[in-house]
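Since the structure of chain U is already known, use the hints to place chains L and R on it.
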Amino acid sequence: MSQTVRGRYTLVSGDLYAEVQTYYAWQVRRVDALDIEGFAQTFTEDGEVWHAGGSVQRGRQEMLAGMRASLPRYKDVAVRHWFDHLLVEADADDPDTLRVSYYTLVALTDRGGKVSFQPTFSVDDVLVRREGVLFTSKRVIRRDTPGPDPHR
Amino acid sequence: MSQTVRGRYTLVSGDLYAEVQTYYAWQVRRVDALDIEGFAQTFTEDGEVWHAGGSVQRGRQEMLAGMRASLPRYKDVAVRHWFDHLLVEADADDPDTLRVSYYTLVALTDRGGKVSFQPTFSVDDVLVRREGVLFTSKRVIRRDTPGPDPHR
Amino acid sequence: MSQTVRGRYTLVSGDLYAEVQTYYAWQVRRVDALDIEGFAQTFTEDGEVWHAGGSVQRGRQEMLAGMRASLPRYKDVAVRHWFDHLLVEADADDPDTLRVSYYTLVALTDRGGKVSFQPTFSVDDVLVRREGVLFTSKRVIRRDTPGPDPHR
Numbered sequence: 001m002s003q004t005v006r007g008r009y010t011l012v013s014g015d016l017y018a019e020v021q022t023y024y025a026w027q028v029r030r031v032d033a034l035d036i037e038g039f040a041q042t043f044t045e046d047g048e049v050w051h052a053g054g055s056v057q058r059g060r061q062e063m064l065a066g067m068r069a070s071l072p073r074y075k076d077v078a079v080r081h082w083f084d085h086l087l088v089e090a091d092a093d094d095p096d097t098l099r100v101s102y103y104t105l106v107a108l109t110d111r112g113g114k115v116s117f118q119p120t121f122s123v124d125d126v127l128v129r130r131e132g133v134l135f136t137s138k139r140v141i142r143r144d145t146p147g148p149d150p151h152r
Numbered sequence: 153m154s155q156t157v158r159g160r161y162t163l164v165s166g167d168l169y170a171e172v173q174t175y176y177a178w179q180v181r182r183v184d185a186l187d188i189e190g191f192a193q194t195f196t197e198d199g200e201v202w203h204a205g206g207s208v209q210r211g212r213q214e215m216l217a218g219m220r221a222s223l224p225r226y227k228d229v230a231v232r233h234w235f236d237h238l239l240v241e242a243d244a245d246d247p248d249t250l251r252v253s254y255y256t257l258v259a260l261t262d263r264g265g266k267v268s269f270q271p272t273f274s275v276d277d278v279l280v281r282r283e284g285v286l287f288t289s290k291r292v293i294r295r296d297t298p299g300p301d302p303h304r
Numbered sequence: 305m306s307q308t309v310r311g312r313y314t315l316v317s318g319d320l321y322a323e324v325q326t327y328y329a330w331q332v333r334r335v336d337a338l339d340i341e342g343f344a345q346t347f348t349e350d351g352e353v354w355h356a357g358g359s360v361q362r363g364r365q366e367m368l369a370g371m372r373a374s375l376p377r378y379k380d381v382a383v384r385h386w387f388d389h390l391l392v393e394a395d396a397d398d399p400d401t402l403r404v405s406y407y408t409l410v411a412l413t414d415r416g417g418k419v420s421f422q423p424t425f426s427v428d429d430v431l432v433r434r435e436g437v438l439f440t441s442k443r444v445i446r447r448d449t450p451g452p453d454p455h456r
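Protein chains in written order, with this note's numbering: chain U, 1 to 152; chain L, 153 to 304; chain R, 305 to 456.
For reference, chain U alone in the conformation it holds in the complex (with noise of 0.2 Å):
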């Protein structure tokens, strides 16, 4: 943390960053397939997902319920995420709590192949890391706007 308030990165090793590269390869393939148990089962029992439009869902149940409701929406589409530019610091006092920040930018192609693409999201995630296997535990989602960005 302290190396960030000096305006600079932090360093991480090669082995952390495949790992959570590999485990938001494997996250995302449950949400783009719509596996939504799947998807809800790599977040911990607990975890949080605060939404870029203020809802905020608590638990695997809320974000199922969340989830099952927007699946006619991706009925005609098959929709991607894409993810870049991770920023992986591990808790100072807690090696098995990480958090991450990355860009996201959404495709979606429909049945004819055309492909559009949903306004860029940043997300800043906590993951925590249980018997070797990393959960997402808080996740907050925000659109991209015009101008500076505070957050970043």
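Any given hint could be a false lead.
[Stated by the list, open to error] No farther apart than 25 Å at their CA atoms in a straight line, the calculated lysine-lysine pairs in the DSS-like style are these:
#1 L:Lys266 <-> L:Lys290
#2 U:Lys75 <-> L:Lys266
#3 U:Lys114 <-> L:Lys227
#4 U:Lys75 <-> R:Lys418
#5 R:Lys379 <-> L:Lys227
#6 R:Lys442 <-> R:Lys418
#7 U:Lys138 <-> U:Lys114
#8 U:Lys114 <-> R:Lys418
#9 L:Lys266 <-> R:Lys379
[Claimed, not checked] Residues from chain U that face chain L, not an exhaustive set, calculated with beta carbons under 7 Å:
#10 Ala18
#11 Trp26
#12 Ala33
#13 Val77
#14 Ala107
#15 Gly113
Quick caveat, the hints were computed from the structure, so don't treat them as lab data. Backbone N, C-alpha and C fix where the C-beta goes; we use that ideal spot for every residue, glycine too.
Chains L and R alone, transformed into the frame defined by chain U:
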């Protein structure tokens, strides 16, 4: 594999993750530069490509013929293949055989600077390492389709 | 370098790969947040940017002047630079000097949520590590053009 069956991701070392990413960065530059001979050489001599449309190319000679036939399509566009969300698994019995899956997005920029995108695809590769260098021995390309995805 | 001449990629360690990715994740957040002072400080004091259009900025002061002049263009759009396919090579004689090349895609989201893309570019950077921190000392940006690419 057993981890995947249990609905988990498989850890990969930082070195292996960087090796695979670097291999793809190199391979993709070849195809995007329309260097079809160089691209074919990133496959094993008997490498196979299973295209989303159903055709299969077996061996570098068939690949080269197929790519030569496609070249006119790229006369007026710069094509760039984007990859994301790599999952890398070394074969349990042979560390020189890797199974890798990833997302692709193909951006086409025309001479006027207009960008368009092909439908998104998911790819499953088998890579083999020979004398320290990776080659693709099998590539299966699937077009992303709406709805639950039985392959993920 | 010799490996590249022979038509091969150069291996990079997981730690170095993660370091470079993390550096760019940090640098890109600065420019996308329109934090032009912060962005300029990710370059060496005498850092150079060779733009695709032909202009060259030499040193942080010229960079800042150029970016300040461009700011009005980003008044109504959220800009996000995406990177892919990094190739990282440490200098054979100086491990604190790195040559990195990568793909870029720039997504612009307007206030209504509409996403558009700039033409794609390829970038060649020289990075230097000073007291453990990376800085860009030279950046050459090339617009991707149709046809065989002599630079790749």
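> Taking 25 Å as the top limit, are the C-alpha atoms of lysine 379 of chain R and lysine 227 of chain L close enough?
Replying inline: Roughly 36 Å between the alpha carbons, so the hint for lysine 379 of chain R and lysine 227 of chain L is violated.
> Was the hint right that glycine 113 of chain U lines chain L, CB cutoff 7 Å?
Replying inline: Because about 4 Å separates glycine 113 of chain U from the closest Cβ in chain L, which is inside the 7 Å limit, the hint holds.
> Straight-line Cα separation of lysine 266 of chain L and lysine 379 of chain R no greater than 25 Å?
Replying inline: OK: lysine 266 of chain L and lysine 379 of chain R at ~22 Å, within 25 Å.
> Does the alpha-carbon distance linking lysine 75 of chain U and lysine 418 of chain R stay inside the 25 Å limit?
Replying inline: holds (22 Å)
> Within a Cα-Cα threshold of 25 Å, do lysine 114 of chain U and lysine 418 of chain R meet the stated pairing?
Replying inline: holds (16 Å)
> Can the restraint linking lysine 266 of chain L and lysine 290 of chain L be considered satisfied, given a maximum Cα separation of 25 Å?
Replying inline: violated (33 Å)
>> Take the shortest C-beta to C-beta distance between alanine 33 of chain U and chain L; is it under 7 Å?
In response: Holds. Min distance 4 Å.
>> Please check whether alanine 107 of chain U passes as an interface residue: C-beta within 7 Å of a C-beta belonging to chain L.
In response: holds (5 Å)
>> Check the hint pairing lysine 442 of chain R with lysine 418 of chain R against an upper bound of 25 Å on the C-alpha distance.
In response: violated (33 Å)
>> Min Cβ distance, valine 77 of chain U to chain L: is it shorter than 7 Å?
In response: holds (5 Å)
> If you draw a straight line from the CA of lysine 114 of chain U to the CA of lysine 227 of chain L, is it 25 Å or shorter?
Replying inline: At roughly 22 Å apart (the allowed maximum being 25 Å), lysine 227 of chain L and lysine 114 of chain U satisfy the hint.
> Given the hint that lysine 138 of chain U pairs with lysine 114 of chain U, does the C-alpha gap stay at or below 25 Å?
Replying inline: violated (33 Å)
Checked against the numbered hints above, the structure breaks hints 1, 2, 5, 6, 7 and satisfies the rest.
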